[in-house]
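Please model the complete structure; the sequences and the hints are all you need to start from.
So our numbering is basically just the index in the sequence shown, starting at one, shifted up by 14.
Calculated from the structure, these hints are not laboratory results.
Source: prediction; values computed, not measured.
Heads up, some of the hints might be wrong.
[What the hints assert, rightly or not] Each computed DSBU-like pair below joins lysine-lysine, with the alpha-carbon atoms no more than 30 angstroms apart:
hint, residue 1, residue 2
1, Lys48, Lys114
2, Lys48, Lys132
3, Lys132, Lys57
[Said to hold, decoys possible] Taking CB as the label site, the calculated pair distances span:
hint, residue 1, residue 2, range
4, Glu154, Pro247, 14 to 24 angstroms
5, Asp263, Asp56, 33 to 43 angstroms
6, Tyr67, Thr256, 36 to 46 angstroms
7, Tyr73, Ile45, 17 to 27 angstroms
8, Glu101, Asn137, 41 to 51 angstroms
Just so you know, even glycine gets a beta-carbon here, dropped at the ideal spot from N, CA and C.
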Amino acid sequence: MKKLILFTFGLLLIACDTENALDCFQTSGNIIQKEYDLDGFDKITVMERSQLYISEGDYAIVLETGENLLNDIDIRVFEGRLVIENENACNITRDYGVTKVFVTAPNITEIRNSSGLKVISENTLTYPNLTLLSEDLEEEDAFHIDGDFQLDLNVANLTITQNGLSNFFLTGSVTNLDLNFLMGDARFEGRNLTVENADVYHRGTNDIIINPQQQLTGSILSTGDIIVVNTPPILDVEELYTGQLIIED
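Here you go:
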């Protein structure tokens, strides 16, 4: 009886190690890479279960994942937007974080993180105008709103809109920052991001740490604080709830 159980268990393991196995019991298989040759794009949407690594340079897209998972991953360009979707949902017999997408592009104007994972830059991004999104304002629950950003930037105009749990770990420099924390417990770690001019709408419950050089304007409408690590010549922030403007220097 014991041998029969072990034999049956062995057969199940073998059956799970294939792309045709049921999702919940499917193993990842060997880690492989696949290159994509697609049309140009300047926007990116990464959906759940895929981690995005972004670099500046000539177009290149490389998917790294388990060979058994490949058929349920769709990477395509639609109306100038790179869309990354991964339908490998149930994963009883495999680890999280297996699927990674390495994207290189000469210019990106928007990154929407709906992955639940961190978007990471592999070099300094010098895109002139960049928007970072983690929100579901137009259609509630259409996108995940808990994926973080870890980016090194040198951009002229940066716009950020979030209404959930996405944290922003940013370094480098920005000329103009439009920061909108519409709700949620997200955190903005911008101590090492020099910003010439910043306008902040803070309706969240966590802290915004910011390093303005010339101007900081905005409003605080919830319990989260705005912590200023450098006092700019122009400082005009309204405190409309219990959150405070805290001058660190």
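Evaluated hints:
no., hint, in the structure
1, Lys48 / Lys114, "holds (11 angstroms)"
2, Lys48 / Lys132, "holds (21 angstroms)"
3, Lys132 / Lys57, "holds (17 angstroms)"
4, Glu154 / Pro247: 14 to 24 angstroms, "violated (41 angstroms)"
5, Asp263 / Asp56: 33 to 43 angstroms, "holds (38 angstroms)"
6, Tyr67 / Thr256: 36 to 46 angstroms, "holds (39 angstroms)"
7, Tyr73 / Ile45: 17 to 27 angstroms, "holds (24 angstroms)"
8, Glu101 / Asn137: 41 to 51 angstroms, "violated (30 angstroms)"
The structure does not agree with the numbered hints 4, 8 stated previously, though it agrees with the rest.
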